[in-house]
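Given next are the chains, with one letter for each unit.
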Amino acid sequence: MTTPIHPTPEDSRFFNELSRLEPSQETDHRILEGAGFQLGRQNGMSQIRRYVFQSVLWAAMIIIATLIILFSPELNPNNSSSTPLSNNSNSQGSPAGSLGTEAEEELNRDSFSADAPESIVSFPEPDGYQEENPRSLSHQNNTSSHPVRVRSDNFVGPERPQVASSENTMGSASQSVSEKQTHLQRSIDRLARESSVEIRRELIQLQKQAEQIPPEKKELKLLIEYKISEALKDLEALQANMGGRRVGTEDLQKDP
Amino acid sequence: MQTDRELIQVYLKDADDSEDAFRRFYWRHRQSLYVYILSIVRNCETAEEVLQETLMTFLRHVKNIESQSSFRPWLLRAARSRSIDRIRQENRESQATRKVALRAETKSIPDPADLAGSGLSDEVIRILVSLPVEQSEVLILRGFVEMTFAEIGELTGVTENTAISRYRYAVSKVRETMIQGGKGDYSDSSHSRG
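Protein chains in written order, with this note's numbering: chain A, 1 to 256; chain B, 1 to 194.
By construction, these hints were calculated from the structure, which means they are not laboratory data.
One thing to keep in mind: the hints can contain errors.
[To be verified] Straight line, CA to CA, 20 Å or less: simulated EDC-like cross-link-like pairs of lysine to aspartate or glutamate:
(1) A/Lys217 x A/Asp234
(2) A/Lys221 x A/Glu211
(3) A/Lys208 x A/Glu230
(4) B/Lys173 x A/Asp11
(5) B/Lys173 x A/Glu211
(6) B/Lys13 x A/Glu33
[Claimed, not checked] FRET-style restraints, in silico, Cβ to Cβ:
(7) B/Ser69 x A/Phe53: 31 to 37 Å
(8) A/Ser46 x B/Gln180: 53 to 59 Å
(9) A/Arg50 x B/Gln9: 17 to 23 Å
[Claimed, not checked] From chain A, some residues computed to sit far from chain B (all C-beta separations above 10 Å):
(10) Thr27
(11) Ile69
(12) Ile224
(13) Lys233
For every residue, glycine included, the Cβ atom is placed at its ideal position computed from N, Cα and C.
Let's have the full structure, built from the sequences with the hints guiding it.
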């Protein structure tokens with residue numbers, strides 16, 4: 001005869017007695033305490049993981065930003081000096097130090113620092129506006145894309161002496177002759193500025209190449225230095241052509 | 001009434017009521033787990049250790065456990081695995097200490113003294129000790145945890161019919177023993193562990 005699986009009074013008595021079984025209070029306490037510890041541990045680990053992730057993320061962002069600055073010609077501090085309108089900051093910055101040559105220092109000093117207002121920056125505008133050079137302005141301040149447009153009648157920089165010197169030089173000559181001369185000077189300056197920019201870019205490229213040359217390859221390094229010196233000569237020649245336009249500091253000191 | 005998952009979600013939020021949520025979850029499962037483990041390991045201290053290990057394992061993996069509402073199947077499965085592991089471990093240790101004959105026999109025929117402190121009556125202890133593990137666990141899972149035979153078969157890795165068959169053998173032994181004991185004094189229930 002098969003035993004029925006339906007509960008009988010004996011079964012109930014057996015299971016009722018089993019229901020009195022329970023773990024000790026000490027075990028309960030250990031388990032509840034362990035649960036609290038486990039929760040704290042999990043939260044602590046997740047917090048540590050979060051910190052590590054954030055740190056790695058920041059490090060990666062810094063590395064990426066550094067690489068972008070180093071390898072982007074637009075953002076490289078060395079390249080930022082390749083534009084005429086940023087020469088004032090360039091003269092105070094690090095390009096001379098980064099290039100590490102006397103030629104570079106001379107380059108910066110002669111063409112882009114103290115004499116810069118005379119040779120490059122000052123472009124007197126008959127109509128009262130200084131000419132805007134998109135290339136130059138885009139390089140002047142990389143963090144700002146606002147166009148730089150300066151009125152010469154409000155501008156207190158070297159432009160007004162330049163305008164004044166131009167007028168003083170011409171004296172009482174006719175207005176048309178003055179305008180032609182001004183226009184001619186501006187054309188020459190623009191040409192010289194663009195040429196000097198190209199030369200400067202070349203120098204920057206050479207500088208990068210020179211930095212990557214291992215010390216054992218002296219010949220290549222010498223070749224690049226030679227190229228730099230050639231570029232400097234070109235630049236000096238350009239500046240010599242611009243010399244006639246240099247009005248002189250005495251004119252700059254005159255207040256119209 | 002909150003489900004297991006809801007309670008555990010409250011617990012994992014680490015809020016003020018986390019401790020209370022886990023306490024309610026634990027109280028919901030502690031007795032059934034303990035009795036089930038005890039039916040396998042047949043030792044009160046070992047059962048408590050296995051219970052603690054099971055719940056700590058559960059808490060370590062709770063975020064990865066997929067469950068609709070109740071964690072009971074997972075807990076029972078973990079408890080069963082750990083109980084069997086513990087039995088194997090003790091068998092290896094007993095063999096290593098060269099108490100081979102005595103201890104090996106002990107595992108096949110458990111010592112009633114291991115359950116003496118459980119507060120159970122002699123008849124119940126005799127039933128738990130005399131039944132094979134396969135039958136006693138089906139007996140507990142069906143009669144105490146109130147699982148279906150299909151669930152028991154899934155948990156223990158046997159077919160539903162096998163689970164029913166094992167339950168029949170077990171319940172037959174229970175009735176036989178209880179009837180014999182009923183001729184004596186059944187009212188002795190003063191062994192509660194407090």
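Tested hints:
For the hint pairing A/Lys217 with A/Asp234, the CA-to-CA distance comes to about 26 Å; that exceeds 20 Å, so the pair is violated. With a C-alpha separation of about 9 Å, the suggested pairing of A/Lys221 with A/Glu211 holds against the 20 Å cut-off. Pair hint A/Lys208 plus A/Glu230 holds up; C-alpha atoms about 17 Å apart against a cutoff of 20 Å. Taken as a hint, the B/Lys173 and A/Asp11 pair is honoured in the structure, with Cα atoms around 10 Å apart against an allowance of 20 Å.
Between the alpha carbons of B/Lys173 and A/Glu211 the distance comes to roughly 91 Å, so the proposed pair goes past 20 Å and is violated. Taking the CA atoms of B/Lys13 and A/Glu33, the gap is about 17 Å. The hint holds against a cut of 20 Å. The given range of 31 to 37 Å is respected by B/Ser69 and A/Phe53, whose C-beta atoms sit roughly 32 Å from each other. Hint check: A/Ser46 to B/Gln180, Cβ distance near 58 Å, so the stated range 53 to 59 Å holds.
The supplied range of 17 to 23 Å is met by A/Arg50 and B/Gln9, whose beta-carbon atoms lie about 20 Å from each other. Chain B draws A/Thr27 into its interface by the beta-carbon criterion, the shortest separation being 4 Å against a cut-off of 10 Å. Listed as a non-interface residue, A/Ile69 keeps its Cβ farther than 10 Å from every Cβ of chain B; the least gap is roughly 42 Å. The beta carbon of A/Ile224 sits about 60 Å from the closest Cβ of chain B, which is more than 10 Å, so the claim that it is off the interface holds.
Taking the minimum C-beta to C-beta distance to chain B, about 71 Å, the non-interface status of A/Lys233 holds against the 10 Å cut.
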